[in-house]
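Trainee: Got chain A; can you put chains R and X on it based on the hints?
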Amino acid sequence: MTDFLGVVTTRHAYALFVLVSAIGLYMMIANENLVKKIIGLNMFQTGIFLFFVTSAYRIGGAAPIVEHGAGPYVSPLPQVIVLTAIVVGISLTAVGLALTIRLYSAYGTLRADALREVIGDE
Amino acid sequence: MSSDRLNGDTRDSPTDSRVARQRPLYSESQVIMTTVKAVIPFVLTYGLFITFHGTSSPGGGFQGGALIASVVLMIAFAFGIESTRAWLSNTLVVVLATLGVAIFAGIALVPMLLGENFLDYTAYYPLLGDTLGLKKYEFVKYGMEAVEIGGIAFIVAGVLMGLFFALAAGMTPTSETNTVGDGIGDNANADTDDTGEVSDATDAGVSDDTIDDSDTDDATDAGVSDDTIDDSDTDDATDAGATDDATDGGDRQ
Amino acid sequence: MSVAAATPSVAGLFPLQSVGITPLEASLFVFVLITAVLTALFRDVLASIVVFAAYSLGLAVLYTFYRAPDVGLTEAAIGAGVTTVFLLLTIAKTTRPATDARFEAINWPAVGVCGLFVLVVGATLPAFPAVGDPASPILANADVTGYYLANAYDETGAENAVTAVLAAYRGFDTFGEAIVVFAAGIASLLVLGREVFTA
Chain A
102 MTDFLGVVTT RHAYALFVLV SAIGLYMMIA NENLVKKIIG LNMFQTGIFL FFVTSAYRIG
162 GAAPIVEHGA GPYVSPLPQV IVLTAIVVGI SLTAVGLALT IRLYSAYGTL RADALREVIG
222 DE
Chain R
150 MSSDRLNGDT RDSPTDSRVA RQRPLYSESQ VIMTTVKAVI PFVLTYGLFI TFHGTSSPGG
210 GFQGGALIAS VVLMIAFAFG IESTRAWLSN TLVVVLATLG VAIFAGIALV PMLLGENFLD
270 YTAYYPLLGD TLGLKKYEFV KYGMEAVEIG GIAFIVAGVL MGLFFALAAG MTPTSETNTV
330 GDGIGDNANA DTDDTGEVSD ATDAGVSDDT IDDSDTDDAT DAGVSDDTID DSDTDDATDA
390 GATDDATDGG DRQ
Chain X
167 MSVAAATPSV AGLFPLQSVG ITPLEASLFV FVLITAVLTA LFRDVLASIV VFAAYSLGLA
227 VLYTFYRAPD VGLTEAAIGA GVTTVFLLLT IAKTTRPATD ARFEAINWPA VGVCGLFVLV
287 VGATLPAFPA VGDPASPILA NADVTGYYLA NAYDETGAEN AVTAVLAAYR GFDTFGEAIV
347 VFAAGIASLL VLGREVFTA
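Keeping their order, the protein sequence lines are chains A, R and X. So that you can map any letter, position 48 of the first sequence is 149 in our numbering, and since no number is skipped, the others follow by simple counting. So that you can map any letter, position 197 of the second sequence is 346 in our numbering, and since no number is skipped, the others follow by simple counting. So that you can map any letter, position 101 of the third sequence is 267 in our numbering, and since no number is skipped, the others follow by simple counting.
Next comes chain A alone, as it looks inside the complex:
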């Protein structure tokens, strides 16, 4: 048991990543409103970003603005990936929201189960 607690306290940010991703996954599955599904997708993505940024962190490290001879730095590479991924995430969200607007204007509802019925009846 102490081993489990030890694991969780030393890998606390990774545990947070798992929980946040699970909540995002829950929103994608369980909420019926399309906008909330998109919010859940965003939350899942931010969980992944947290994972990358945590893997780059170093105790006693400084932000990766390098100067000669200064102390240890955190790793810049996962941060580069996350920077790109955040912008790609907002692009994805914007297209998803445009699709939502279009779906609403065509079918008059934002609920996924109602949409399934309506589209299934056509």
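Think of the hints as simulated: they come from the structure by calculation, not from any bench. Just so you know, not all the hints are guaranteed correct.
EDC-like cross-link-like pairs, simulated, lysine to aspartate or glutamate; straight-line CA separation at most 16 Å [claimed, not checked]: (1) Lys-284/R with Asp-320/X; (2) Lys-285/R with Glu-321/X; (3) Lys-284/R with Asp-269/R; (4) Lys-290/R with Asp-320/X; (5) Lys-285/R with Glu-265/R; (6) Lys-138/A with Asp-214/A; (7) Lys-290/R with Asp-269/R; (8) Lys-290/R with Glu-325/X; (9) Lys-290/R with Glu-321/X; (10) Lys-285/R with Asp-266/X; (11) Lys-285/R with Asp-269/R; (12) Lys-284/R with Glu-361/X.
Facing chain R, from chain A, some residues (calculated, C-beta under 7 Å) [said to hold, decoys possible]: (13) Val-188; (14) Val-189; (15) Ala-195; (16) Leu-200; (17) Arg-203; (18) Ser-206.
None of the values given here were measured: they were computed from a predicted structure. All residues carry an ideal CB built from backbone N, CA and C; glycine is no exception.
Mentor: Here is chains R and X on its own, set in the frame of chain A:
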């Protein structure tokens, strides 16, 4: 204008479901206008600073582009989305994004034409070293700055602005039969929309219940379809079926 | 800040290279978790969006705490700023369903699925290095991380190593990302049936 609009808040209490549905996107609020007028110059300066100093301090093209786009978003909140778009002119937004891609692609692909690798900034040295007076290794720094500022910041700012205006404009129905409810966001300017249909214009000041941003059939079924969008209601499926039959939504593109 | 000294009780219980959690980190974690759970549970879409903005802000502060100021800036500007605006625009253009209850009914099968996800991914937790461990494979790698940190300023003239990697060393990924952003703009215009966003 009805007093509801002067609240400066388009999100009202959810008790009246029909009123909560369709609201104008812009309402004149003195607080927002004054704050925005005071704050915008500083935000724009800060956004430009972050873009230009991307190589020496935290920042760069992504953050700076997002900040510059947010300046335009704030102006749109304070003074109306349609008027901001008219002021900015669609051309500027489209040109900003396209120019960004062109600059980035140009700077990146020309070295390949010169025989070097992709995005090899030092390949410019034989060409431009004398005219610009730069040493070989300095080309990397200035090439990076050019790509960050002229490429990434332009693209991100242009596309975020464009997405904002596109989402605010909403869906344009392409069918001829669908005349009402073009989806133009600002109902105060409904008389300028290209479909020119009258329902929005005549209803603009009258009653929020019948203002419909997106869909003619929703307007006619304003009473019925609200049941279908109520999350707490479990027989939405049957109501949605009824709405669909009444509105013929499936036939429209 | 001295991490090990800030939590003497934790370090005493687990005498390994336990780094413990500082109070700032712990409060940030709690804030992020609470806002994430509330985002999932609120029935009203507008409430969900607002709490999601707070969640993004909490994450931005957390990224800054983890010495990633670029990522924190981007998350605050784009995640908490622009995403919230787009979401609000969407519910303004579509609908904000009327609600009576404050919280959603919990969908227990979905909770089961997510619990399974937590268990499966959580089972890999012991395989991760401790948070901030200097001996982790990413940080101890001299060929990649070490090389970039040592040579970024000399080869590119940029002190910000993240920008150096983004625009010079890994510029191809940035090019692809710029094209993706541009394509998203085009795609949303296509979806909304406009050639340009004309009135």
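Trainee: If a hint holds in the structure, say so; if it doesn't, say that too.
Mentor: Each hint tested on the structure:
no., hint, in the structure
1, Lys-284/R with Asp-320/X, "14 Å, holds"
2, Lys-285/R with Glu-321/X, "11 Å, holds"
3, Lys-284/R with Asp-269/R, "15 Å, holds"
4, Lys-290/R with Asp-320/X, "10 Å, holds"
5, Lys-285/R with Glu-265/R, "14 Å, holds"
6, Lys-138/A with Asp-214/A, "12 Å, holds"
7, Lys-290/R with Asp-269/R, "12 Å, holds"
8, Lys-290/R with Glu-325/X, "10 Å, holds"
9, Lys-290/R with Glu-321/X, "9 Å, holds"
10, Lys-285/R with Asp-266/X, "68 Å, violated"
11, Lys-285/R with Asp-269/R, "11 Å, holds"
12, Lys-284/R with Glu-361/X, "45 Å, violated"
13, Val-188, "6 Å, holds"
14, Val-189, "11 Å, violated"
15, Ala-195, "5 Å, holds"
16, Leu-200, "10 Å, violated"
17, Arg-203, "5 Å, holds"
18, Ser-206, "4 Å, holds"
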